[in-house]
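A.B. asks: The whole structure should be built from the sequences, with the hints applied where relevant.
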Amino acid sequence: MTEPLAPWARVECALAVLAVDPAGIKGLWLRARASAVRDRVTAAFPPARRIHPGIDDTALFGGVDLAATLGAGHLVHSQGVLADAAPLILTMAERSPPGLSARLSRWLDDKGPCLIALDEGAEAEETLPSALTDRLGLFLDLGDLGWSDTEALALDPAQIAAAKTLLPSVTLPKDALQSLTSVAFAMGIASLRAPLSALACARALAAWRGEAVASERTLRHAAELTLAHRGDLPDMSEAEPDPEPDTPPPPPDPGEDEANQPQDDADRLPDDVLLEAIRAALPADLLARLAAGRAARSAKGSGTGAVRKGNHRGRPMPPLPGTPGSGKRIDLVATLRAAAPWQPLRRRGVDTSRLEIRKSDLRIKRYQQSSDRVLIFAVDASGSSAFARLAEAKGAVELLLAQAYARRDHVALIAFRGTSAELILPPTRSLVQTKRRLAALPGGGGTPLAAGLRLAFELAQQTRARGMTPTVALLTDGRGNIALDGTPNREMAEADSLRMARALRAAGLPGLVIDIATRPQPALRRMAEMLDAPYLALPRADAHRLTSVLQAAMGG
Amino acid sequence: MTQPFPFSAIVGQEAMKQAMVLTAIDPGIGGVLVFGDRGTGKSTAVRALAALLPEIEAIEGCPVNSARAQDVPDWFGAKPTKIVKRPTPVIDLPLGATEDRVVGALDIERALTRGEKAFEPGLLARANRGYLYIDEVNLLEDHIVDLLLDVAQSGENVVEREGLSIRHPARFVLVGSGNPEEGELRPQLLDRFGLSVEVTSPRDVETRVEVMRRRDAYENDHDAFMKTWRAKDSALRKSILAARVVLPGLKTPGAVLHDCASLCIALGSDGLRGELTLLRAARAQAAFEGADTVTRVHLKAVATSALSHRLRRDPLDEAGSGSRVARILTETLP
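Chains as they are written, first to last, in my numbering: chain V, 1 to 556; chain F, 1 to 334.
These are calculated hints, taken from the structure and not from any lab test.
Among these hints, one or two may not hold up.
[As the list claims (entries may be wrong)] Straight-line distance between alpha carbons at most 20 Å, and here's what the computed SDA-like set of lysine to any residue pairs gives: (1) V/359 <-> V/343; (2) V/365 <-> F/289; (3) V/174 <-> F/99; (4) V/174 <-> F/206; (5) V/365 <-> F/206; (6) V/174 <-> F/296; (7) V/328 <-> F/99; (8) V/164 <-> F/17; (9) F/17 <-> F/289.
C.D. replies: Here it is in structure tokens:
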């Protein structure tokens, strides 16, 4: 059986593939924090231009170089980075907005040879948009690699050149296409781009290794490089137990492997062999990450803080002096108006009839836009209140969701029960996801009210940093009995929740307290006062009434 | 630039292909929305469509692709009269396109260097008489959506900004694609699409292998592959052209109108746009099949894509609206 690639050997293979056939493989998704190990990898990249997520259209596609144009008196164009078909490196890729990823995807589909995305996401959810991850063929995660695992990388230019010459004539075994496709399918990879990347990768890797026909080992490694990160594995229980799960695989030795391989693999289906390679290459937390919800993984353009007084959209505001570029757009009329009074002066002594515009005349546009609203539901799912009322709370959230959808509001859901609070649903506008999570919301246990408030507070701060306007709706029966540190102490719990309420108020977060106890709770009224939030006792709320109350509280 | 993947070589995804062919026969149907997973050939189909469509006759150099010399807008300045053939425009509207780029704006170049007030047409002008393609339409900025809604409705782009006052025709077929997991579409925009189809990844290995095989051949054996499929593409183009000729003469029996209405009532779709689109699509389908009369069969063939996005949204309904249409279709029109 062919050994899977050792982590560092995998890095080397990926880079070789990238160097040999950048246009076929389309790119590399490199997930790693900035580190010496990453520097070792980036040092071996092919020469490429670096771009950042905040790059604007002029820089991407080119445009009028205004300052040069004014100086020269005739039009001077600047060239964009997408104009020449050279590889690009996208730094801080996890912060790229959907607009940029759509443009880069289009460029990759069209003529762009390849894109290397440096993803420095700290959390599993913080990663680049799926439009890009789907297109970039290779994936490397350097998270588990220490400095001692690595060595200097140097791809031999002569070998690359030889591989490039060999590439057009490389063929794959007859059943390779079939088996790669079936493997991708068995892994539950829906996108058909994945097996295509695997094919391209197999060809490039074979060329790199000097094989005229890709060997089974090369196919395995290609599958490992391109498919492992994409999918879910088929039921593990069906598979035979992994013989040596803990020992790290030794680095592959080409000569030896080639010799042993045929008889070892003769009695196996090639698909299984490929699958096994992938399983060995899986990062340890992948299954956990998948379990946590695949949909939540992709960035939805929320990585960048939305500019509220921006230069792009919204209601126009008076123009300001400034230089266009990097997202700022010129306000032509204001610019001409600023230049007009100076024309006689400026034309004096110069024999010209053209408009004399100086850089100081330039005016840029500004717009003001109201930000997206996000409604954070903190729902008490404890045993005391919730068994009867949880269903009602769910109903209200669901009804409100339909309206939030029409108004383009975001909704987030926090549940607190037992000893802690949990973010059930990060801010989203997706009806489908919300309904799924809501239906699965469990109930029972103590009432960690303070923990719920704390999580709501943190989430509100986060969303605010992204430029949204949060509102917190607290649905509880107020009998908080678990303190912030998780101990069941009613007095401490009370004090903690009041402290959190003060913090919420100090942050100026608008809120709403809905009492879902069977009888109105004076303690909750006090908390609402502390929050400076409307208090509503709904002894027998039905979901419809709850919704109308919420709407009134949020100002329609 | 290499030639796009041939339309007829796309494996499966019949609903999507059918919808695109129908809008090619009758642009009045009003656009296609393709929703589905990544890597299911949405973008490929649109690019392929551009190559498939018959050429149009337009005045040379006209910024809005006018068919007649008197339609060339005044702001263009020159008055060309020569008619040339050009491919049907399929214009990409990238996400995050600025308003200037979409509707057009004052031509900064000419204003600054020559002091002239001139209009620089935007994407809407270029898309006139053709297609406007929006990938990831559900992620489009709200203010661009608002602009599009208005123009798609009126067929005219009105620019009142920066001291310009200009209008030009902007009749185009809107094609949108997206992934519903990432956000949904406003009902107002949904309604502007005549047909909507959901695409999913093929569920059996054989189909998937066939997709890979064709794609692989396209990339690595380009010339031979294109030669095989170009013939099929041109046959399809011929039948689209033939259908366009037949379309005006088609007979629509009263019973079919009745079927349309009763189906829409049973589904409870808002407004009458549902009926009208359904009928147009059924007529195009009949013309494509070479029939001389629209029948219930044609109606049934297009009902799901014409109606599934017009239903009142039921947040508690887990099953897609497509299955709801199919169920009521069998109940109402046995």
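A.B. asks: Is it true that the CA of residue 164 of chain V sits at most 20 Å from the CA of residue 17 of chain F?
C.D. replies: Distance of about 38 Å is beyond 20 Å: violated.
A.B. asks: Would you check the hint for residue 174 of chain V and residue 296 of chain F, treating anything up to 20 Å between C-alpha atoms as holding?
C.D. replies: With Cα atoms ~47 Å apart, residue 174 of chain V and residue 296 of chain F exceed 20 Å; violated.
A.B. asks: Within 20 Å, alpha carbon to alpha carbon, are residue 365 of chain V and residue 289 of chain F?
C.D. replies: Not satisfied, since the Cα-Cα distance of roughly 54 Å exceeds 20 Å.
A.B. asks: Holds or violated: are the alpha carbons of residue 328 of chain V and residue 99 of chain F at most 20 Å from each other?
C.D. replies: It holds: about 14 Å lies between the C-alpha atoms, which stays within 20 Å.
A.B. asks: Taken at face value, is the distance from the CA of residue 206 of chain F to the CA of residue 365 of chain V at most 20 Å?
C.D. replies: Outside the cut-off at roughly 55 Å; violated.
A.B. asks: With the threshold set at 20 Å, check whether the alpha-carbon distance from residue 359 of chain V to residue 343 of chain V stays at or below it.
C.D. replies: holds (14 Å)
A.B. asks: Check the hint pairing residue 174 of chain V with residue 206 of chain F against an upper bound of 20 Å on the C-alpha distance.
C.D. replies: holds (15 Å)
A.B. asks: Compare the distance between the alpha carbons of residue 174 of chain V and residue 99 of chain F with 20 Å, and conclude whether the hinted pair is satisfied.
C.D. replies: violated (51 Å)
A.B. asks: Is the Cα-Cα distance between residue 17 of chain F and residue 289 of chain F 20 Å or less?
C.D. replies: The given pair, whose Cα atoms are some 14 Å apart, holds under the 20 Å limit.
In this structure, the earlier hints numbered 2, 3, 5, 6 and 8 are contradicted, and the remaining ones agree with it.
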